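Hey, can you work out the whole structure from these sequences and the hints?
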Amino acid sequence: MDQHKKALIVGMAKSGIGAAKLLAATGWEVIINDKKTEIAGLSEALSGVSVEWRLGEEPQTLFEGVTLIVISPIIPMTVPFVRAAQQKGIEIISEIELGYRYSHAEFVCITGTNGKTTCTALTGEIFKTGGRHTFVLGNIGVPITEHALETREGDVVVAETAGLQLEGNVHFHARAAGVCNITEDHLDHFGTMENYIAAKCKIFDHQTAEDIAVLNYDDAVVRDMARLTPARVYYFSRKGEVPRGMFLRGDTVVYRDENGEYDLIRADEIKIPGGHNLENAMLSSLLALGMGISADAVRETLRTFPGVEHRIEFVREFDGVRYINDSKGTNPDSTIKAIQAMTRPTVLILGGYDKHSDFHELFENFQGSKLKAIVVLGETKQKILDTARDTGYLGYCHATGTFEDAVSCARVLAESGDAVLLSPACASWDMFENFEQRGRVFKEIVNQFA
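If you want the working numbering, it's the 1-based position in the sequence shown plus 18.
Think of the hints as simulated: they come from the structure by calculation, not from any bench. Take the hints with a grain of salt, since some may be wrong.
[Said to hold, decoys possible] Simulated pairs of lysine-lysine, DSSO-like, Cα-Cα distance not exceeding 27 Å:
id, residue 1, residue 2
1, Lys399, Lys461
2, Lys54, Lys23
3, Lys32, Lys54
Please read all numbers here as calculations on a predicted model, not as lab measurements.
Here it is in structure tokens:
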């Protein structure tokens, strides 16, 4: 890095805080910037950290002497201040790129549209069971920069890497890269599906023939990514056999490579439920096996891993109704998978911040499902109601105002033997800081029922 060590951090959420701490700890002069003039908890988070506070100012007015900009993942690379910085020759990177540069670990990275968090958590647990000193970081909630300086040779960082984060990568190298699936998401940021897919594909940048890539064979877009990496490619499939990788034969998950094949585990032994989680289990298993973790460690973890918070998470049963928190369902495809995992008649709470998603496929998948009624809220409320009408959806669809109203309405509509599922198919930013807060509020409301 440049000897004149002055950095500007734009965007002071979790990743910005992690970047500020790392840069300050390694001798950089650090300026922090955000469009907000006040950010709750920021002073406490940066207590004792030497930084220059420049909140609420235009980033391009802060370029004097700056040689490095670390940009928040929610800021598009097309905004004017980014172009201005590039014209001045200032390097612009992501927080995960910064963390990678200061880390000594091997990186095992997971991207895609849905399933990233579950795969990341599960992969991390498999590596830990297999005896590797492992950090589980990235978009899962803990910035890579938070622990980069703690890593040592031989350690593993299992990182959830969203396309928003991968945009700012320069030297970032995934020793093992996995892609769950690709469906429409974040078009408010990327503009087109082509741009969205291109950002995801940056996970393969700098891979070599010594690395591995794990791809979803059942997803044509993901399957085609094999041509973008020189790494050794493994596939996983629920629909048919693959030449190298993992597939379902009857009710058994089978591993195959050039040396032969063996039965890994029965599908019903995998603790996390649903067909989508079978795919997640195969991806995580292949990443671990490809990195030398034993099949026994994989089996043990698959049998015991309980899943992640906010992803088809059982909250409680009250008056015979099961309440399920799937706040992580922030796009239509994720909600489709959640509905498919339901075993009871289901009242769905749907709606939130508009990421310019199309809801037609979602409603088409409702036909013949366990869906009993829909409670709609948020910024996308009218768009969802219009889609229900356009697709000829005949089920009960009720619009509400506040989040509390939506949960109360769902409670009234549900009968003993039913389920209430929060799976909004939208981001949370119209009402909440993030999907985690939305999920926590849902659980608080449900746990107060009496």
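Exercise. Taken at face value, is the distance from the CA of Lys23 to the CA of Lys54 at most 27 Å?
Worked result: holds, 25 Å
Exercise. Is Lys399 within 27 Å of Lys461, Cα to Cα?
Worked result: At roughly 22 Å apart (the allowed maximum being 27 Å), Lys461 and Lys399 satisfy the hint.
For this session: Sort out whether Lys54 lies within 27 Å of Lys32, counting only the CA atoms.
Result: Given pair Lys32, Lys54 holds - Cα atoms ~15 Å apart, limit 27 Å.
The structure is consistent with each of the numbered hints, conforming to all of them.
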